[in-house]
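There are 2 protein chains.
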Amino acid sequence: MSSSRSTMVIAHVFRGTFVHSTQSSALDVLDDTLLGVDTLGKIAFIGRGTDVDRLCEKYGFHVRDVTQLRQHEFFMPGMVDTHIHASQYSYAGTALDLPLLQWLNTYTFPVEARYKDLEFARKVYTQVVRRTLRNGTTTASYFATIHTDASLLLGQIANEFGQRALVGKVCMDRNDAVKHYKETPEESLDETNRFIRELLENKYPLVMPVVTPRFAPSCSPALLSHLGEIAQNNHLHIQSHISETKEEVQMVKELFPDSESYTDVYLKHNLLTDKTVMAHGCHLSDEELKLFRETGASIAHCPNSNISLCSGFLDVRNVLNRKVKLGLGTDVAGGYSPSMLDAVRKTLDTSKALTIKDSEHQTLSFQEVFRLATLGGSQALSMDEHTGNFEVGKDFDALRVNLAAEEGPVDIFQREEPLVLLEKFLNLGDDRNIAEVYVAGRRVVPFPG
Amino acid sequence: MSSSRSTMVIAHVFRGTFVHSTQSSALDVLDDTLLGVDTLGKIAFIGRGTDVDRLCEKYGFHVRDVTQLRQHEFFMPGMVDTHIHASQYSYAGTALDLPLLQWLNTYTFPVEARYKDLEFARKVYTQVVRRTLRNGTTTASYFATIHTDASLLLGQIANEFGQRALVGKVCMDRNDAVKHYKETPEESLDETNRFIRELLENKYPLVMPVVTPRFAPSCSPALLSHLGEIAQNNHLHIQSHISETKEEVQMVKELFPDSESYTDVYLKHNLLTDKTVMAHGCHLSDEELKLFRETGASIAHCPNSNISLCSGFLDVRNVLNRKVKLGLGTDVAGGYSPSMLDAVRKTLDTSKALTIKDSEHQTLSFQEVFRLATLGGSQALSMDEHTGNFEVGKDFDALRVNLAAEEGPVDIFQREEPLVLLEKFLNLGDDRNIAEVYVAGRRVVPFPG
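Top to bottom, those sequences are chains C and E. Its first residue numbered 1, the first sequence is counted upward by one per residue in this note's numbering. Its first residue numbered 450, the second sequence is counted upward by one per residue in this note's numbering.
There is no bait here: all hints are sound.
On the chain E side, residues computed to face chain C include the following (Cβ under 10 Å): (1) Asn755; (2) Lys795; (3) Ile805.
Far from chain C, some chain E residues (derived; all Cβ distances over 12 Å): (4) Glu506; (5) Arg513; (6) Leu567; (7) Glu609; (8) Leu638; (9) Ala671; (10) Asn683; (11) Asp723; (12) Lys724; (13) His835; (14) Arg892.
Using 25 Å as the maximum straight-line C-alpha spacing, the simulated BS3-like pairs for lysine-lysine come out as follows: (15) Lys268/C to Lys323/C; (16) Lys695/E to Lys352/C; (17) Lys352/C to Lys806/E.
Because the hints were derived from the structure by calculation, they are not lab data. Using N, Cα and C, we set each Cβ at its ideal position, and we do this for glycine too.
The whole structure should be built from the sequences, with the hints applied where relevant.
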């Protein structure tokens, strides 16, 4: 397709139902809508289906090139996983019987130490990128391990499969539990600089480095300071963990006696910026949330992990009321599932658990959680200029959902409204219902033969 | 295959890993085991794989007839869904925004009223039986609706697909919310008698009627008494609901002022027997649990429903400590998922939620929850003489699980121990990993072409 009338060239046009979120509405259903994507992968126009002739003329495409969605199909924005440990995917679904700090020492560090081995890394990283894409994760913020070459490989694989990704080489110079699985402060800095430089030199269009101190207990104050500087000097994203468990909060208090709070530790080291995403935050005080709002830092809510490791319940309603940006994360493998649909379900579960504890708690609606999994995630990663919903000028990151997929997990008994189809998908659907995945206009699922 | 040495004729022999539970062990892993099933569908022998020659001779089969499981495969007992509303499956995955009593009036009763229409009933009941079988439910205890003919149809469909089932025509003579969706006490008795008679006349080998008062608030004391008599005179199973929400407990207190507790209401009407299974029980007192133990009545724990409708958390550990029989239920559609794997996961979630609230709470292990989904369920339905685990003389109700199923949801990176395979299956698997389902020795999944 091409246009003689404008310099914009249209690559795809879809007609059907689109559901997405906006700042003012948790769920907008766009019935019989025509959406065009240009050759750069950006949304070129959104119009009414009945305006097809006028839009054909204006944008220079033919009616026969329009892809018509079928009954029980709709498009939704791709989902944003704001926190996932790619390196832990090898043991996902196991090892969930210990609290966080013991869990790290017993299961996590020994596995992460294996990523020196690039063949092992290639195997697991290929599967995690394929699996999350199939599950509808168009954007992921990944933790890798301390190993620079394996972390670069993760970036390469995400690029090859076409996933939008932040990739973090993990930094940690404190670890007494597993020998060799830590760096000296100098190594950590040198390798972080090398990781950032080499990843940026590849000029992957959708993959960016993210500065990744594991979490305060694993990092010396000196290392934290240097990482803050690196992020600032290179205008980079930052990711870490905060206030996942009470035991960890207590540990940070002891390790950083000069800081007023866990949040203050990161703030003091210039690691709390409007490009920071912190996982968990179950036990943050309202004063700490205020620091998040003031700095523009965000929270990655990882409900599967918080339940599976018995870490705590994050009160998402309170975080939202305090105007702190919040997205959802799978937190593989503290969270056992690599699917953002599971993160949606567990976010609803956690909110309902808070309602069971206190009937005054204002339960999240599925529409609100849908927003958190899409637009909310893009805001949490400061990527909402490019992705998160269907707006002209944004990249087309989208899932073509088919509730009536053959051999799929959902039964449909009659023609249903889009709202019903969406709710059934969020509660009961899986990758079999995700017929196609687009990232920046490129169809990345089904995988190219 | 046949035997000249005994009257027992062997129909199948499998060799590989079997995992199951016993009274004394939540999880037994039987490595390289040979299991034979006779032509009546019963387990004829269980032996060591290395004893194959001796077993061939003893039971009269040939080595070439042994089905060898592959790597990443194992057999486990079929799962037992102790509480599922077949009639509510049409709206599973939606309508989860109201507490129980409003939810019943707003969503449930209007849908259940539609089962006068046998074509609608056939469509939904066919799908729910197919779906639950595919998901590994070899035994289900179903609620239908007040309609006798549709309830008989559910029994017929379960029989045709080969599922072991209790089927209950729902009884209720109190309902002010949805006109016409209730019976007179006489209708309820006459139709219950007709339902039992006609279902038994069909002589389905695996499908039995269950006396099913909806729950105390929907039934007059007179109806409850008569249903208690019917159950007693016919030695039938009984199912109902109890103490799902606090509001309902309060309502029962008002409706039955002469009873000491909700449990006492059922006890007084002879509805608490060793063939009774009561759903939920979130708010039962320890005194009430004592009545359960004394009568041999059991609890169907339905964690998805209890979370989804914000009903409460059942403390399963306390129930088990008090020696009350307990199985798991999906409770479609208060629970949104028709999969017992979801019930397993949500049971773990609920137990972990209780640990988050109180760190002294002794969290259930996945092995214990596996037992509840299999042997525990068969005990809760008083069917453990026939099913629930792999013992010689029991029916062969089993799932052939393949963790490495092509296009499946689980990634495997290396040869794994059976324990790891089982935990990954319980946390991450779905119907794609269930290669075959057997009920009483008959292969019912894949469905016959």
